Each structure stands twice: as C-alpha cells, then as structure tokens.
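Asker: If you want the building blocks of each chain, they are given just below.
Number of protein chains: 2
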Amino acid sequence: MTSPIIINHVAIVVENLEAALLFWRDALGLSLDKVQAVPSEEVQVAFLEAGTSHVELVQPISAESGIAKYLAKKGAGLHHLCFEVIDIEAALARMQAQGVELINETPRVRDGRRYAFIHPKSTGGVLVELYEALS
Amino acid sequence: MTSPIIINHVAIVVENLEAALLFWRDALGLSLDKVQAVPSEEVQVAFLEAGTSHVELVQPISAESGIAKYLAKKGAGLHHLCFEVIDIEAALARMQAQGVELINETPRVRDGRRYAFIHPKSTGGVLVELYEALS
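Here the protein sequences come in this chain order: H and W.
Under the working numbering, think of the first position of the first sequence as 6, with each following residue one higher.
Under the working numbering, think of the first position of the second sequence as 6, with each following residue one higher.
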C-alpha cells in the first residue's frame with residue numbers, strides 16, 4: 006500500500022545556489038524545475054525533481070534573514086522535511102490532541118498553498134513542514 | 006515528467022525509537038513498515054512509508070557506534086538523504102568525472118541492495134546515499 010502522506014520536498018540550506026546545482030543537477034542528475042526568489046523570507050530557492058518529491062535548495066539573500074542566521078550557526082546542510090497531507094486542519098488537530106507543539110497552530114498560505122510548521126522539539130529534532138495537497 | 010531518480014528514504018537519528026514513533030507514526034500518521042536491528046552498524050532502525058519514499062528512524066544501540074557519536078556531537082535530527090538510481094555504477098562514474106568525492110568509490114552490498122555514500126563536502130553539507138533500484 007502506498008501511504009497517502011508523501012514527502013513533498015526536502016529542504017537544504019546552501020551558501021550558493023549555482024555552486025550547489027553543480028552537485029544536485031549536474032552530478033546527481035536531478036532535473037531543475039525552477040529557481041525563484043522568495044522576498045518575504047529573503048531567500049532564493051531552486052526546486053529539483055526527485056520522483057513525486059522535490060529537493061529544495063535554499064540560499065539566503067540577506068545577512069539578516071532567518072536562513073542566513075541558520076547558515077552562520079549550523080552550516081550548510083539538511084534543513085527541513087515537508088510532507089503533503091490531504092487535510093491540513095485535520096492533521097494539525099490530531100497533532101495538537103497528541104500534545105505536539107506547532108509553530109503554526111493554524112495553516113498559513115503561500116502561493117495559494119496552505120502550510121504549517123511543526124516544532125522540532127516534538128519531532129525529535131527535525132523541523133517538519135506540512136503542505137495541504139492541491140485539489 | 007517524473008524524474009527517474011527518486012528519494013528512497015530520509016534518515017533521521019533519534020535517541021529512542023519508541024518515543025520517536027509517537028510523532029512519526031501516531032501524530033503524523035505514517036505507516037510503520039518494519040523495525041529491525043542492524044548489528045553491523047550497532048543501530049536499530051524503523052522504516053515508515055511516505056508515498057514511494059520512506060522515513061528511516063535510526064537509534065544507536067551501543068555508545069561506540071558511529072551513529073551514537075553523531076548523536077552525542079550533533080544531536081537528534083536529519084542525518085542523510087538516500088536516492089534510488091537505475092545504474093549505481095554509472096552514477097558513481099559520472100560523479101567521479103565531475104570531481105565529486107565519494108565515500109564508497111565502488112558500490113557496497115547490504116541485504117542484497119547495492120549502495121554507496123557521497124561525501125558531504127561535495128554536496129554542500131549533506132550526507133547522500135545512493136541505492137541501486139531493485140530489478
């Protein structure tokens with residue numbers, strides 16, 4: 006049986022998007038889907054296809070962004086894991102009922118997509134994002 | 006187009022497998038596929054289904070294992086990312102031709118599965134594993 010919950014993307018913080026693409030696109034061979042700036046988060050991102058999932062490379066474009074601070078403190082590497090669920094409100098409600106600490110208790114919206122982050126303290130150290138599947 | 010390279014699993018180091026399952030299985034809702042000991046690496050692992058991929062939870066079962074040392078140094082969290090490729094030797098050859106540093110220059114075998122690790126210094130800080138797809 007295939008799980009109804011899929012990995013939408015794995016996010017990786019990089020110092021330089023072009024340099025990172027030399028590995029992820031050219032050496033590993035993932036197809037580059039798109040590169041876009043996300044001004045609200047002061048980052049530039051690249052999405053590469055990996056089956057039904059994506060690898061998201063995230064490069065800070067200001068020294069003050071949250072990602073720039075993360076990069077300075079922890080270095081480049083794996084950042085968060087995003088799962089796609091059918092009903093994000095049901096998923097968040099189930100988590101809250103089980104005592105999971107949510108960063109976003111109600112879904113936020115970006116590019117028409119509902120999402121929420123789960124606090125790493127409730128997952129065993131992993132920043133987890135939920136996406137609601139697009140209907 | 007769906008990429009021929011898929012994410013086989015995302016590995017997460019945890020302090021305690023049972024505690025971790027309270028989030029990944031019970032709160033997030035991933036189906037637990039199997040729990041098994043890997044004596045050669047002194048770990049116990051749990052595989053949970055996420056679409057065509059898996060989340061692999063890894064708990065050290067000795068204080069001397071590589072994973073125990075990783076846990077003591079870096080804490081629990083995302084550990085490595087494993088991609089499934091059709092031809093692992095072709096993939097490793099392409100990487101070497103592009104100057105990527107490999108941890109395993111020739112594939113190793115575990116449970117009948119050919120695999121190799123790529124050094125994080127060539128990926129931008131991410132430990133990457135390759136699996137060859139089972140024919």
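No wet-lab data here; the hints were simulated from the structure.
Computed from a predicted model, the values in this text were never measured in an experiment.
One or more of the hints may lead you astray.
[To be verified] Listed next, the in silico DMTMM-like pairs over lysine to aspartate or glutamate satisfying Cα-Cα at most 20 Å (straight line):
(1) Lys39(H) / Glu69(H)
(2) Lys126(H) / Glu47(W)
(3) Lys126(W) / Glu61(H)
(4) Lys78(H) / Asp31(H)
(5) Lys126(H) / Asp31(W)
(6) Lys79(H) / Glu69(H)
(7) Lys79(W) / Glu54(W)
(8) Lys74(H) / Asp31(H)
(9) Lys74(H) / Glu20(H)
(10) Lys79(W) / Asp92(W)
(11) Lys79(H) / Glu46(H)
(12) Lys126(W) / Glu23(H)
(13) Lys126(H) / Glu20(W)
(14) Lys74(W) / Asp92(W)
(15) Lys126(H) / Glu69(W)
(16) Lys79(W) / Asp31(W)
(17) Lys74(H) / Glu54(H)
(18) Lys78(H) / Glu47(H)
(19) Lys126(W) / Asp31(H)
(20) Lys126(W) / Glu110(H)
[Stated by the list, open to error] Listed next, with one range per pair, are the computed distances between beta-carbon atoms:
(21) Ala68(H) / Gln41(W): 40 to 50 Å
(22) Ala68(W) / Lys78(H): 38 to 48 Å
(23) Asn109(H) / Asp31(W): 17 to 27 Å
(24) Gly80(H) / Gln41(W): 48 to 58 Å
(25) Arg30(W) / Lys39(H): 25 to 35 Å
(26) Val40(W) / Leu139(H): 27 to 37 Å
Every residue, glycine too, gets a C-beta built ideally from N, C-alpha and C.
Asker: Each of the hints needs a verdict: does it hold here or not?
Answerer: Hint check:
1. Lys39(H) / Glu69(H): violated, 25 Å
2. Lys126(H) / Glu47(W): Outside the cut-off at roughly 25 Å; violated.
3. Lys126(W) / Glu61(H): Holds, at about 18 Å.
4. Lys78(H) / Asp31(H): Judged against 20 Å, a Cα distance of about 28 Å means the pair is violated.
5. Lys126(H) / Asp31(W): holds, 16 Å
6. Lys79(H) / Glu69(H): Since the Cα atoms of Lys79(H) and Glu69(H) sit roughly 15 Å apart, the hinted pair holds (cutoff 20 Å).
7. Lys79(W) / Glu54(W): violated, 26 Å
8. Lys74(H) / Asp31(H): violated, 28 Å
9. Lys74(H) / Glu20(H): holds, 12 Å
10. Lys79(W) / Asp92(W): Violated, at roughly 33 Å.
11. Lys79(H) / Glu46(H): holds, 18 Å
12. Lys126(W) / Glu23(H): Answer holds: Lys126(W) to Glu23(H) is near 16 Å, not above 20 Å.
13. Lys126(H) / Glu20(W): holds, 13 Å
14. Lys74(W) / Asp92(W): violated, 32 Å
15. Lys126(H) / Glu69(W): violated, 25 Å
16. Lys79(W) / Asp31(W): violated, 26 Å
17. Lys74(H) / Glu54(H): Between Lys74(H) and Glu54(H) the Cα gap is close to 27 Å, so the pair fails against 20 Å, i.e. violated.
18. Lys78(H) / Glu47(H): Roughly 17 Å between the alpha carbons, so the hint for Lys78(H) and Glu47(H) holds.
19. Lys126(W) / Asp31(H): holds, 16 Å
20. Lys126(W) / Glu110(H): The hint is violated at about 37 Å.
21. Ala68(H) / Gln41(W): 40 to 50 Å: Check passed, 45 Å falls within 40 to 50 Å.
22. Ala68(W) / Lys78(H): 38 to 48 Å: violated, 27 Å
23. Asn109(H) / Asp31(W): 17 to 27 Å: At 20 Å between Cβs, range holds.
24. Gly80(H) / Gln41(W): 48 to 58 Å: Check failed, 32 Å falls outside 48 to 58 Å.
25. Arg30(W) / Lys39(H): 25 to 35 Å: At roughly 33 Å between Cβ atoms, Lys39(H) and Arg30(W) fall inside 25 to 35 Å, so the hint holds.
26. Val40(W) / Leu139(H): 27 to 37 Å: The hint (27 to 37 Å, Cβ to Cβ) holds, given that Val40(W) and Leu139(H) are roughly 34 Å apart.
When the structure is compared with the earlier hints, violations turn up for hints 1, 2, 4, 7, 8, 10, 14, 15, 16, 17, 20, 22 and 24 and for no others.
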